[in-house]
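Novice: Each chain, written out:
There are 4 protein chains.
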Amino acid sequence: MNNLEFKEQRAMDFIAIGRLCIDLNANEINRPMEETMTFTKYLGGSPANIAVAMSRLGMKTGFIGRVADDQMGRYIVDYLKKSDIDTSNVITDKSGSVTGLAFTEIKSPTDCSILMYRDNVADLKLEPTDVNEEYIKNAKAILISGTALAKSPSREAVFLALDYARKHGTVVFFDIDYRPYTWKSVEETSIYYNLAAEKCDVIIGTREEFDMMEMLTMKGNKDDHVTAQKWFDFNAKIVVIKHGKEGSIAYTKEGEEVVGAVFPVTPLKTFGAGDSYAGAFIYGLMQGWDIGKAMEFGAGSAAIVVSSHSCSDAMPTAEKIQEFIDNYQK
Amino acid sequence: MNNLEFKEQRAMDFIAIGRLCIDLNANEINRPMEETMTFTKYLGGSPANIAVAMSRLGMKTGFIGRVADDQMGRYIVDYLKKSDIDTSNVITDKSGSVTGLAFTEIKSPTDCSILMYRDNVADLKLEPTDVNEEYIKNAKAILISGTALAKSPSREAVFLALDYARKHGTVVFFDIDYRPYTWKSVEETSIYYNLAAEKCDVIIGTREEFDMMEMLTMKGNKDDHVTAQKWFDFNAKIVVIKHGKEGSIAYTKEGEEVVGAVFPVTPLKTFGAGDSYAGAFIYGLMQGWDIGKAMEFGAGSAAIVVSSHSCSDAMPTAEKIQEFIDNYQK
Amino acid sequence: MNNLEFKEQRAMDFIAIGRLCIDLNANEINRPMEETMTFTKYLGGSPANIAVAMSRLGMKTGFIGRVADDQMGRYIVDYLKKSDIDTSNVITDKSGSVTGLAFTEIKSPTDCSILMYRDNVADLKLEPTDVNEEYIKNAKAILISGTALAKSPSREAVFLALDYARKHGTVVFFDIDYRPYTWKSVEETSIYYNLAAEKCDVIIGTREEFDMMEMLTMKGNKDDHVTAQKWFDFNAKIVVIKHGKEGSIAYTKEGEEVVGAVFPVTPLKTFGAGDSYAGAFIYGLMQGWDIGKAMEFGAGSAAIVVSSHSCSDAMPTAEKIQEFIDNYQK
Amino acid sequence: MNNLEFKEQRAMDFIAIGRLCIDLNANEINRPMEETMTFTKYLGGSPANIAVAMSRLGMKTGFIGRVADDQMGRYIVDYLKKSDIDTSNVITDKSGSVTGLAFTEIKSPTDCSILMYRDNVADLKLEPTDVNEEYIKNAKAILISGTALAKSPSREAVFLALDYARKHGTVVFFDIDYRPYTWKSVEETSIYYNLAAEKCDVIIGTREEFDMMEMLTMKGNKDDHVTAQKWFDFNAKIVVIKHGKEGSIAYTKEGEEVVGAVFPVTPLKTFGAGDSYAGAFIYGLMQGWDIGKAMEFGAGSAAIVVSSHSCSDAMPTAEKIQEFIDNYQK
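Protein chains in written order, with my numbering: chain R, 1 to 330; chain D, 1 to 330; chain S, 1 to 330; chain A, 1 to 330.
The hints are simulated quantities; they were obtained by calculation from the structure and are not laboratory data.
Which chain D residues stay away from chain S? Per the calculated CB distances, all over 12 angstroms, these:
1) 129
2) 169
3) 232
4) 234
5) 245
In silico DSBU-like cross-links for lysine-lysine, where the CA-CA straight-line distance does not exceed 30 angstroms:
6) S:253 to S:293
7) S:94 to R:94
8) A:167 to A:230
9) D:219 to R:7
Ideal Cβ positions, reconstructed from N, Cα and C, are used throughout, including at glycine.
Between the sequences and the hints, there should be enough to build the whole structure, so can you do that?
Specialist: Written out as structure tokens, the structure reads:
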């Protein structure tokens, strides 16, 4: 049991909002991208990956976003549909935008980087008027991803979605997902992340991401407890702070402190760890599990995904995660 | 007595943040601007006018803003200094911006309009890093004006100022001051006005301005009481809704409802009514007056200013306002 | 007699293309603008002033340009009409642009400067499709002003007008009129000025303006003769190089070199000298006068205008210029 | 023999200027791109392909351009070096630009399309100051590609390169290469293409491309002879008009008319036909061949490239082209 309340009678379990893009993963790996000759195409973007994770875990999942009016955009919508994700609120942008791209470079399992194409991308063209109040009203939970705050009008669309969610008691998960692309300055980032976090029930981020959020008003703080406490004065009920390989710690409004399990594995690459963690963790919370069990499920899912070539394609079922955890513990 | 608490030991009474610009008032009036041949230059901009009003009423006043690096910008700083307003936090913008202009057209005392120059203006170049936490910490109250939310980076600077004010118990006045220039859409406007209003102690606007703020989440509401109530769930203590000539109504968190006095006069023009009202009303509240008396003082000041050619230059002293009210009542 | 051939049967004598804006001239002069309190409004912009000059000299004159959809734009069109200038090709821009402004500062008769408002101005919104081939085909001459090359789409509109003029044998006057506003770099300026100058019959500029044009391909040249010669390899027939108070020198394709007359006067300000010179000089050439006489007429007109408060309003008639010259010589 | 004169003593044979980008060619072909899962990376961009063609044909070749400061940019420079192309005038752009991408879709050998990424691309950041007069002075010929005219500052850099080439007698080839991306309007395109073409010795384009160039001043003309004639009044010596499968026709200033050979083949795709044609045709002209023989060489090269998966990688040697022609004729 945990401290979140989901409106059980609602038709939709989970809606993600924000970035839908394409990963182009290097096929020849363990070398600089200059030497990579072929790339494989996958659905990408943190909220897209989390939506796929949730759907694969059996949750009734939807998406609010914009895709480009081209082959890449059509591929994305097809992939969502094949993944049993409702696309009734995925809009084809007609402004001449393109699909965001992420070329992955895997120099070694621990030295991974991304070459981003984020100019004029469709996902950041999401308009406030694209956000349907009824859709959010009929869902148990929504997830917002920080990247969607990086630019207008997507930024305003997210704030409106937050308003609708608070108005209707839809639980809000905030995956900080900070990436410097598109933002004009780190001060700008910090200001909007804080405004958004004030309206969320569950906030998930790395210590470095919380440092960025605190740079203007709590500069120098490194105390996770102080970090979490700030948000309980607003609407937060759970704050999760991730410390890489050392694992995560969750704080609750009621004063609990839960240290998450870790499953060290030899990864193929680092990409996808956060998204798979978030998906399985949220799934656990929505099952009513206690926080520690949900965190363990998240860690198990992450361990599976970092061992695979893709992110979205590799999202595991609940059975597979449980099996991994059971086998690992032996 | 009213329900606001000001930190009495602080050195600065009042800081305004935002727009500093130039009014170019038609000298030949009661005709279309096409036929006006000469214009007189004044300091303009709603928060600038309110700052002048406050200083003329004897309050120790400061300003946070940016001015252009040209003759108009230098004139503004000179005028603020001559008006005994602290300019230590008024920054000269070096990016090649210009000073905002407002050419006033007075076709008749009740048919007034403004021709705005708002492209590349210095006031909207205010950066978050321009906002000095100590300056706000040392002030009893700050005023933010909605126009400063119209564009980045000024928008973020205002949100940061709000954060500092809440952190340090500086009372926040929000003069909605909605003007469609610069904003991309009315939805965008509504979203940021709401985010700002959540953090303010006193919110002052016309019924039309509150309608705009409610267009997405409370569409169609015309009930002032419902409007005010929303903000008391956040940080507001007083909400003032203005109904033009019919006067204003103030609501308090404690449930009071105060109808403000009106002083019908034959105006020269309509400009400046809101700024002079806001200045004298805030002054009254900062004297600890009860809300009705502060509203009466605001209405008296407005009646004086609409009878004059300028806004900033015409801001009256407390004696002059009191004299007007005393004489009017006879 | 001179070396230009005008198609005498054409209905329109002269068309100017480009900038239409507003001058706001300081009424209190011989001081910095900070201390100027009132400004008087006039039609401004180099090609606008030259068009007024030509019309006042009795030439059938038209204009190709865009004005803002506001009081300033309507004033401009009214003023052109009152000055007997055909406005059938002056288009009201509906994109939300503003009218360019020039606030003049007269610190002393020889220390004059201008504060420009050139962001989002209507005149630079002129589109190629605004340029009417028939209109140019029916005119004896057109004048292009360098400022109209500063930005797209006005830049392309000018190049198209040049193409039409060459196609139909309309004589092209190029008033270099270089102002650094709007241009991104001096290299960009130089490149487009050269492309335009290649297509002109008469090129008029200061030594400094020709230096700017030569900065990339003839860097360091100070020899007027070399400067002029370059253009005779393209379409030029006359090149006039102005040396301020020392007067002007004109070169012809046929090898003539004509030193222009000067009329030293005590000016009120320096503004308007170039435009009035250009207007009267072009008028003289279109009368078939020899180049020296046309230059003298230009110099006489300039001497009259620098002694007046405005530019456009002060443009003299032919009688007045002749009278000035006759009296001066005595 | 042909009518072009190359300065034989110069060290460099040929310099291309403009676009350097990446082709991502679908590996699974004969289907829509939505169904393509993997892509292979190649150097792309019309002038880049022509430079590779020229170098493979044994010409001493250089390039003037900008590449992004990322893995794609470094790959491009490496590929040019490996192709024996001088990169001393290829600049790494530090503005945060990206490498242009072209995803190719091959639905069938004759139904091919391209999905372009052209926002914020490095190649269009080429500055006039990047263009080295000495470099052009020391080359026999340069090639400009129309795409480089699509946007500032690359547009101005090309005009400056044209000025330097004319000043020093470097022969200028103009590959029209019209692609609607980036251009604001077809009128804008037409205007700059004409300004550039005026300064070129050899102009190569399709009938459709010449129609676009003539849309404003010669609307409706379909007569190749009239089209070619216009440019002989400027600097052109040869104009080649391509009519797809029907072959090409070349006109010379001296009045010749040469119909080019065609080599019908069953293509894999249509991409690369124009670039390989241009490379081999220019090579032939630079060998002093008569125009018909050079056109035949171009057609042979094109036939080879359309039968291969890539463009740049597939550029043939002179031996291979000759062998193809010899075998074809049998």
